[in-house]
Structures are given as C-alpha cells and as structure tokens.
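Protein chains: 2
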Amino acid sequence: MERIHFKRLPEHIGIIPDGNRRWALAHNKEKHEGYKYGIKPGFELYEICLEYGIKEMTFYGFTQDNTKRPAVQTRAFQEACVEAVMKLADRDANLMVIGNTDSPLFPKELLPFANKRVLFGKGLININFLVNYGWKWDLMNNASKAIPRIDLIIRWGGRRRLSGFLPIQSVYADFYVIDDLWPNFKRNHLDEALLWYQNQDITLGG
Amino acid sequence: MERIHFKRLPEHIGIIPDGNRRWALAHNKEKHEGYKYGIKPGFELYEICLEYGIKEMTFYGFTQDNTKRPAVQTRAFQEACVEAVMKLADRDANLMVIGNTDSPLFPKELLPFANKRVLFGKGLININFLVNYGWKWDLMNNASKAIPRIDLIIRWGGRRRLSGFLPIQSVYADFYVIDDLWPNFKRNHLDEALLWYQNQDITLGG
Chain A
1 MERIHFKRLP EHIGIIPDGN RRWALAHNKE KHEGYKYGIK PGFELYEICL
51 EYGIKEMTFY GFTQDNTKRP AVQTRAFQEA CVEAVMKLAD RDANLMVIGN
101 TDSPLFPKEL LPFANKRVLF GKGLININFL VNYGWKWDLM NNASKAIPRI
151 DLIIRWGGRR RLSGFLPIQS VYADFYVIDD LWPNFKRNHL DEALLWYQNQ
201 DITLGG
Chain B
1 MERIHFKRLP EHIGIIPDGN RRWALAHNKE KHEGYKYGIK PGFELYEICL
51 EYGIKEMTFY GFTQDNTKRP AVQTRAFQEA CVEAVMKLAD RDANLMVIGN
101 TDSPLFPKEL LPFANKRVLF GKGLININFL VNYGWKWDLM NNASKAIPRI
151 DLIIRWGGRR RLSGFLPIQS VYADFYVIDD LWPNFKRNHL DEALLWYQNQ
201 DITLGG
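Chain order of the listed sequences is A and B. For the record, in the first sequence the residue sitting at position 87 is 87 according to my numbering, with numbers rising by one throughout. For the record, in the second sequence the residue sitting at position 146 is 146 according to my numbering, with numbers rising by one throughout.
If you are wondering where the hints come from, they were derived from the structure by calculation, not from laboratory data. Keep in mind it's a predicted model, so treat the numbers as computed, not measured. Take every hint as true, because none was put in to throw you off.
Keeping only pairs whose Cα atoms sit at most 27 Å apart, straight-line, the calculated DSS-like set for lysine-lysine is: (1) A/31 <-> A/186; (2) A/31 <-> A/108; (3) A/145 <-> B/68; (4) B/116 <-> B/87; (5) A/116 <-> B/136; (6) A/108 <-> A/136; (7) A/116 <-> A/55; (8) B/136 <-> A/136; (9) B/68 <-> B/145; (10) A/68 <-> A/40; (11) B/145 <-> A/136; (12) B/145 <-> A/145; (13) A/87 <-> A/40; (14) B/108 <-> B/122; (15) A/7 <-> A/186; (16) B/31 <-> B/108; (17) A/87 <-> A/29; (18) B/186 <-> B/122; (19) B/145 <-> A/68; (20) B/108 <-> B/68; (21) A/40 <-> A/186; (22) B/136 <-> A/145; (23) B/136 <-> A/55; (24) B/116 <-> A/136; (25) B/55 <-> B/7; (26) A/68 <-> A/108; (27) B/55 <-> A/136; (28) A/40 <-> A/108.
Whole structure, please, built from the sequences with the hints as guidance.
Structural data, given as structure tokens:
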C-alpha cells in the first residue's frame, strides 16, 4: 500500500470509540460483550499514529455518566480499560490516566497510572486515557489541566456530539465523525479523517 | 408548501452563523460587508422557529477571539449585532445578551439588555445573544449560567467545530453542519437539521 503524504497532521487527536454495544447486538452477542472487541482496534490505531508521528492521543475510556448503565456493562468496560493499559505497558508510550480515583468505580488496577505520566518503553507518544471521567468533575477540579488543546476529535459510531469529552480542550477542535462502529476500525477511517483535517483552516476562534 | 410534522423537536437550538466573510468575497464585496447580510437570515430563522414552537435559541454574535480581526471588521460585526437587537425589539422575544460588558468592545447600545432577560412584545421565545463572549471569560465567571443545556447546535459555513461556543451547555448537544454560508440561509437548512435531529437518541452521556 502506498504511504499517504499529509500536508499537515494534528499534533493531538481525541478518540471517541463509540458503538461497541451496537456492534455486539449486530453480531448476536450481548451488549456488554462488545467492549472487549474495542481493545484490538485501539492498538491498531495507536500503531498507525506512531507510524505517522502523531505526538499525543486522548482516548475516551469511560465516564461517570456511563456508570449508570447495568452493572454487567460497567464491569465489562472497566475490565476492557484495565486490559488496554496492561497491554500498553509492553509498548512505547507516556501514559496518563485521568479520572476520579476517589470513587469505587475507578478500577484500582489503574491507580498507579492516575493523574501522572508513566513511561512505558521508549515513550514515543503521549497517551491520555479518560477512565471514570466526568466533565463536571473535571471543571470543578481542573482535573485535566495536564492535557493540552486537541486539534482533531474523531468519533466512531455515527453520533455527532461530544458527550462530555474534555470540554476545555475541545473548544477549537475539528470534529470528524465515522459512521462505522468502533470495533470495525480500519486504517482507512483514520486516513479519511486526516485527509479532511489537512484542508481545514486553523483559526483558534479568530 | 406542506408543513413538515416532526416527531421530536429540540427545545433549545444553538446557532453558529458562520461564513459572512466568505459570502462577501464570493459576491465581490469586502469581507466586512458580509456581516450586515447576516441579519435578515437571522430573522427568517427566528420566524420559522416561532412557527415550529421552538422555546429557546442562542445565537453566536461575536467573540473576544473575533475582536482580534481588523478594526473595520470588528466595527461591522458590532454594528450588525446592535442592528439585530434593535430590530428584535419590535418583535416578540425574551432577550438576554451575554458577553463581557467591562470591555470597550462590548457595544454600549446593548448594555440595557446585558446579563438579564428583557421582554419584547409577547415574549413567545427565549433568545440568547452572545456578544463579546469568550469561553474562558465564561468559565471563570460562570457568566452563562442562565442559559440552559442546548439540544441541537447548527453551524453554517461548513466548519465542524464549536469555536468556543458555550462549552458547558454544549457537552451533550447534537451538532449539525450546513455547508452553505450563513447569508444564504434557507428554510430547508433548518428542516434538514431538524429531520436529522428527530432520529438521534438522547442519552445525556449515559
């Protein structure tokens, strides 16, 4: 496959990996089973971003809003987040988990990575992972202050909304929606978003 | 024309009327001349929203970021905002202008309408108008606390970003982009956005 040459790349990409439950239902599984199929796509995306030289990515893990879902779903997305971090520990990244650690809904396995940056391997890319994150909690505590402005937010699963994703870092972000569901991630989704992004003007509200 | 029946309408619509300068250039005018062509579309949209029974609209007038533009443009959009409010005074609306009145960039003609609700005629609809608004200023002062959650944001002019528009009220908002420029507003733009909106699920992040 020929390598795409981008005129301009975002430094920091926000990822809203939506559609795991819809994917599960479409594959005759129960809703909560969808989350574990979201881990492999995350690593595929991480690899491509490393290859492209993206400097920072922020993944929407789960939110305090999400924990109002049935317990079996809450457990499933908590487990998927823990598994993702444990796998990332074998790769190259500067990881920072941001979320409310004062709540029992924050997975205790992730406490060593919370609210500070932890070096895995050679670093190479900053990965921020929002786990038991809440936008009100963030605004009240300035909890995400170590996360910089986001240039491009990509949301899978067709919804055109932020759903509480980092309201401060998102104020000037370009927002690209992929209709396909997150577990169906393909390299082409990212390329399509980046090809669109390179032709957007950057005004920072000016 | 047959009246469209919507299954579900947003209570509160946010309006980002972008593209005035690009419209001006496309019509052999200078950039700053575009703003005054944005007033009539605003009243057309207001009339249709009244007809549909929309309860509240918030218009993005101009921002503190915008005032970094050349002075001739800054004067032109200030004047357009003043003219819009003076014309609205002859209609039915509960107007509230939100913006930083401590700055000389806030048009003094609009001080009587700032940071409180003013009844015009029979009221009928809440109109919020952001004038010399800034998202940082808003977050620091909780300046927009009287504006409720937004259900649907419609942005004209093709850009897919919020550009600092009410970060708190926008966290769960569905975001619809019209590629056409704001001075080319047509009823069909609103209908297209509302037809899309009625099929979105409302989860408030859950």
